[in-house]
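Chain order of the listed sequences is U and L. 1 is the number of the first residue of the first sequence in the numbering used here; add one for each residue after it. 1 is the number of the first residue of the second sequence in the numbering used here; add one for each residue after it.
Read the hints as simulated data drawn from the structure, not as lab findings. Remember, predicted model here, so these are calculated numbers, not experimental data. Any given hint could be a false lead.
Put simply, identical chains are the same to the list, so a pair is met inside one copy or across any two.
To be verified - No more than 30 Å apart at the CA atoms, straight line, and that leaves these computed lysine-lysine pairs for DSS-like:
# : residue 1 : residue 2
1 : Lys331    : Lys499
2 : Lys331    : Lys226
3 : Lys25     : Lys459
4 : Lys505    : Lys332
Number of protein chains: 2
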Amino acid sequence: MSSTEYLVDRRELQFVVNETLQAGKICELPDFAEFDEEMFTMIINEASTFAEQVLAPINQNGDRQGCRVENGAVVTPDGFADAWKKLGEGGWLSMSLPTEYGGQGIPEVIAVIGKETQMAANQGFTVGASLTTGAANLIYNFGSDVQKNDFCRKMFGGEWAGTMCLTEPHAGSAVGDVITSATRQEDGHYLIKGTKQFITNGDHDMSDNIVHLLLARTPDSQQGTKGISLFIVPKIRLDGVPNDIKLVSIEHKMGINGSPTCLLSFGDNDDCHGYLLEAENMGMEQMFKLMNEARLLVGLQGLAGASAAVQNAWDYAKERTQGPSSIHPGKKAPIIEFPDVRRMLMHMKAVTEGLRALMYTAAWYTDMANHGPEDDREKYQDLLDLHIPVCKAFGTDQGFDVARIGIQVLGGVGFTKDFPLEQNIRDQKIASIYEGTNGIQALDLVGRKFTVKNGQLLKTLEEELSWFDNRNLEGELNGWVAEWKNYRAVLMESIDCMKKIGEAKGQDGYLLYASNMMELIGDVLCCFHLLKQAETAQQKWNTMLSVVSSQDELLEENEEAQFYWNKLRTIEFYVWSILPRTLSNAKTIKNANLSPLNACL
Amino acid sequence: MSSTEYLVDRRELQFVVNETLQAGKICELPDFAEFDEEMFTMIINEASTFAEQVLAPINQNGDRQGCRVENGAVVTPDGFADAWKKLGEGGWLSMSLPTEYGGQGIPEVIAVIGKETQMAANQGFTVGASLTTGAANLIYNFGSDVQKNDFCRKMFGGEWAGTMCLTEPHAGSAVGDVITSATRQEDGHYLIKGTKQFITNGDHDMSDNIVHLLLARTPDSQQGTKGISLFIVPKIRLDGVPNDIKLVSIEHKMGINGSPTCLLSFGDNDDCHGYLLEAENMGMEQMFKLMNEARLLVGLQGLAGASAAVQNAWDYAKERTQGPSSIHPGKKAPIIEFPDVRRMLMHMKAVTEGLRALMYTAAWYTDMANHGPEDDREKYQDLLDLHIPVCKAFGTDQGFDVARIGIQVLGGVGFTKDFPLEQNIRDQKIASIYEGTNGIQALDLVGRKFTVKNGQLLKTLEEELSWFDNRNLEGELNGWVAEWKNYRAVLMESIDCMKKIGEAKGQDGYLLYASNMMELIGDVLCCFHLLKQAETAQQKWNTMLSVVSSQDELLEENEEAQFYWNKLRTIEFYVWSILPRTLSNAKTIKNANLSPLNACL
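Pulled out of the complex, with its shape left as it was, chain U reads as follows:
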C-alpha cells in the first residue's frame, strides 16, 4: 500500500472472490467449464498488474493535462491512446463479453475485479472504457448477425470505441423527452438529426472509429419512453466515409478530466447515417435489459474510489508522525495511533469492504441469474434487480464519503495536489449523477423494485436475509449476527411503514424519503454480506489460533493472521459503529414529515 499511489489489495480480492464467494464452484456450471480457480487467481494477478502498471501511472496526468479540442477533434492526455491500445489487446474491454467475437467470457464475479482495479487506478480513463463495453454488449444482444459481424469484434478488441448517446440539453433524467429524430430512408438506413449532451468519450483520438449507440425518435412515434428507438451511429461509416457528426464542444468539469464529455451535433448537413437496432420503439426496453451491468459499473466507481482512498490514508497515517500517543507517550507517534484517526480509518475500511461485499455478490448474482441452474435463475435475478440500485446509489454516495474522510486523515496535505485524494474525490463526484441520479435510483428501489411482481423481489430478499437463522454460529459472531438481526427487523418495519405512508399520503409522500430507505437498506445489505465473510474469516482465524499458544503470538509478524484478525475487527466495527445509522433513517421515514411538500416554492 502507498499514500501516493494505487496498489491492488490482492489478498482482500482473493478472500472475497475465492474464499467467500467460492468462485471456484462457478466452474461447475457448464458455461464456465473451461475455467478453474487457478485461472481465476491468474486473472486477478494480471488485472492487478495492468491497473498498477498501465493505468495508475497516467492517472494524474489525465487530470492535470486533461482533454482539449484541436481542429474540431478531441486530443486526449499523453499516454491515454497507448493505454487504450493495451486495454483492447489485453482483452480487458471484453472480459465478461461472450467469446464469439473475441470476448473472454469470464464470469462477472471475476471480471468485476478487473473493472474495480482499473477504475481505482484511473477513473478518468476507465469511465470511457466501460462505455465501449456497454455499447458493444448492446449490439451483441440486439444487433442482426450482419451488425454483430460489422461491429462486435472491433469493439470487443478496442480498435473501435463506443459511446451511449442518451442525454439532450433539455432531456437529462427524463429520457422520454428525447427529440433527436431518425427518419428511415429507402435503403433501410436512417437519417439522424439532433444534439446530444454529456456524451462520455463522445470524441477522442484513442481508437480508429467511435460507434455511438444513440436514442432517437422516428416520425410519428409515441410520446415518452415508448416511442424511442436505438441506433448504431458510427463516426466513420463502414465504407470509410466520415458520418455527419460534429463535435460542438467539451465540458469543463470538476473531475474525470481524462475523459472528454462532449456536446455532439448529429446531421447538421442532413447526412448522418444511423442503423436501427432490432426494431423501432424498442430503445428503452433494450437499454433496460443491460441497465444492471451499466449501473453496477458506476457503483464500482464508488467502491474503486473508496478502495484507493483507504489505502492512501492508511499508509499516510502510518508514515506521518505527530505528537505523543498512548502507545508512544514519550515521543512522536505515527498518527495512526490516535483514536480519532483510527476511527476514521476503520470507518473507511469497513464501508469499502462492505461495498465490495455487496457489489461482488451482485456480480455473482449476475452469473447465477444468467448461467446458474435453471430453477434458481429467477431468484438470483430478483436479488440482483434489488441490489443494483443500492450498488449504484449507496455505492457512489459512500465512496465519495470515504474519500472525504481520507482527505481528513491526511490533513493539510490532503487538500494539495501532491496527494491523489483530492483528485479521487473530484473524479468520484460524477458517479452519483450519471447513469440515473442517486435520487432516481432511490425511486427505482422503492417505486419499482419494491412493488414489481407483487412484491416478489422483497420476499426473495427476506428469504435470503434469513441465511443466518438456522446456522450454528460461534463466539463473537453470534452477538454480531444477533445485533444485525435487530436492524434487519428495522428494515422490514420501515418498508411496511413506507407502504402505509404511501396509502395515507399518496405517491409524493411515499417517495419523499426514498433516499433514506436507500441508505437504510444499503447498510443492512452491506453488513449482511460482510457477516458472511466473517464466518469464513472466523473459521480460518480459529484454525490458526488452535496451533499457537496465544493471540499475541499469532499476530506477531504473521500477515495471514493479521489479515483475518483485521477483517473480523472491520466487520465488528460495521455492526456496532456504522449500522446504527439505520436508526436515524428509520426514524425519519417513520416521522414522514411532509414539510418539503408544503413549503412555498
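With the hints as your guide, set chain L onto chain U.
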C-alpha cells in the same frame, strides 16, 4: 436568488439578527451605545452590497486564474488587489476591532453578517482577509503601545496585511513540535530562523507590507507548547529594509486558489528580525485567547458555502424543467416539484439556517461575554466556549455536505464549471482541516470543554437548554419542542455514557467516538436555536393570519407571509427529518466498540 451568482438573503439576515437575536437591545450596553437598530440595518445592506458587487464578481476568476509566483513573489488573480483596497477602505477588515486604531467597534452579532456574506461571495479572497483581522487583533491585545502604534492602524485599514505562521513541515496539528528558533539580540529584537508551511496569504501583491505573526522557540525553552513564543515578523521592516524572508513555493490545491498558500523560509541569511509579543513562552496562551474568534470565522466558511449552495440549487430547481410532476401531471415541470428534490432542498435550507442560528448566537454570546452585564459574562463565556468547536467542526462538515447535495440537485451541470457549486465545494474542503482539524475540535469538545471547571460549561449549557421548559408554547411548536426535548435527553444520556466509557476504557476509549458526540450536540444545538426562531416566526405568522380569511389567501403573493411560513416548515423539517441523526450517534457512542483500537496497524 440565482443559480449562478451569489446574492445575499437580506430578509433572512434581518430576521436572525433583528427579530430573533434582538440586536437592537445590544445597543443598551454602554460599549455599544453609539449604535442603534437603524444603523445595523444600514450595515447589513452595505455589507451585502460589498459582498455582491465587489467580491462575488471576482470569485470565479480567483479560482480559474489562481495565484502564481513571479520573480520570487506571489501575483494574485486579476481584481484581487483592487478588491483588497476596497476591503480596507470600507472598514470591512476591522468591523469588530476596537475603534482606537480606526476599527469599527461593531458588535460581533452584526459584524458576523459581513464575515458570512464576504465568505459566501468569495472564499478564496476572504480566507486571507480574515487572517489579517486575526493577526491585527493579536497585536492589539498583546502588543506594547509602540507595537500597536506601529502596526494596528495600518493593518486595520488593510494597507498592511497579516498572516499566522504556526505550521511547520513536521508540525501540523502538534503545534508544540514547532522548532523555528528565535534568538534575542542585544537591542531587544530577535533573529528568527525556520521554515513555515501552509501559510495562508504568506506572500501576495495586495498590500504594501505583510505582517507575520509567527510562533517560535527561544533557546533553552521548555519542550512542547509551553516553550513557544509569538513574534511580529514584518515582510518589510519599519525602517523600510526588506526582512530576511524567502518565499519558497506555493501549494497547488483543490480549492481556495485565490488565496496563496505559502512555504516561507525565515532567516536563510541570519537576518530575519522578529519582535516579541508581550513576553517569552506566552505564545500558546495568546493564541488560545483569540482562538474562539478564529474558529468561529472558519465555521462561518461552512455556513457561507452552504448559504451560497442552497440559493444556487433552489433557483436552479425552479428554472430547470424535466418530465411531469404531481402538480403538473400533463407537462414538463420544474424539478423543484419532485419530492426527492424538495427533500434535498429542504435539507440544505434547514441545515444552513440551523448553522446560521448557531453561529450568530455564538457571535451574540461573544458580545455578551465581553460587553454584557458583569454578572452574566462568565455564563456567556462558558456557552461560547462550548459552542465554538461545534461552530467550527459541525459547521464545516455540514457546510460541505450541503454543497454536495447542491451539486446533486443540479445533476450533470453541477459537475461542470458552468455553475459555481463545484468551486464552492472545493473551496470549502479546507475548512474542516485548518484552524485545528475537525477531529481536534471534537477532542477539544469532549476532552476539554466537557471537563474544564469541573464540568461547569455543561451545567451552564443544560440550564440554557431548559429555555423552553416553563414557556407557554402554542400549536405545532408545542409538539416540535416536545420532540426536541427527547433528543436533549439523548444528548445528556450520551454525555454520561461517554464519561462511564472513559472510566472503564481509559482516555483512548473516551476519545474514540468524540466525533459522533460532535455531530450529536451539533444537531441538538442547531435545532434549539432554530426553535427559538420558530417562536418568533410563529407569532408573526399568527398575527398575519388573524386578519385574513385563509392560509392560502395569506400565502398568495405575500412574500412576508411566505418567509415566515417557509421558516416554520424548515424548522419542522429539522425536528422530524434531521434530528433523528442523533439516534445513530447516540447508539454508536453507547456501543463503544473498541475494534479501531484493537486492529493491527
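Now the hints, each set against the structure:
1. Lys331 with Lys499: between (58 Å within a copy, 27 Å between copies)
2. Lys331 with Lys226: between (69 Å within a copy, 16 Å between copies)
3. Lys25 with Lys459: within (26 Å within a copy, 62 Å between copies)
4. Lys505 with Lys332: Between copies, since 23 Å is at most 30 Å while 59 Å is not.
Of the numbered hints given earlier, the model fails none.
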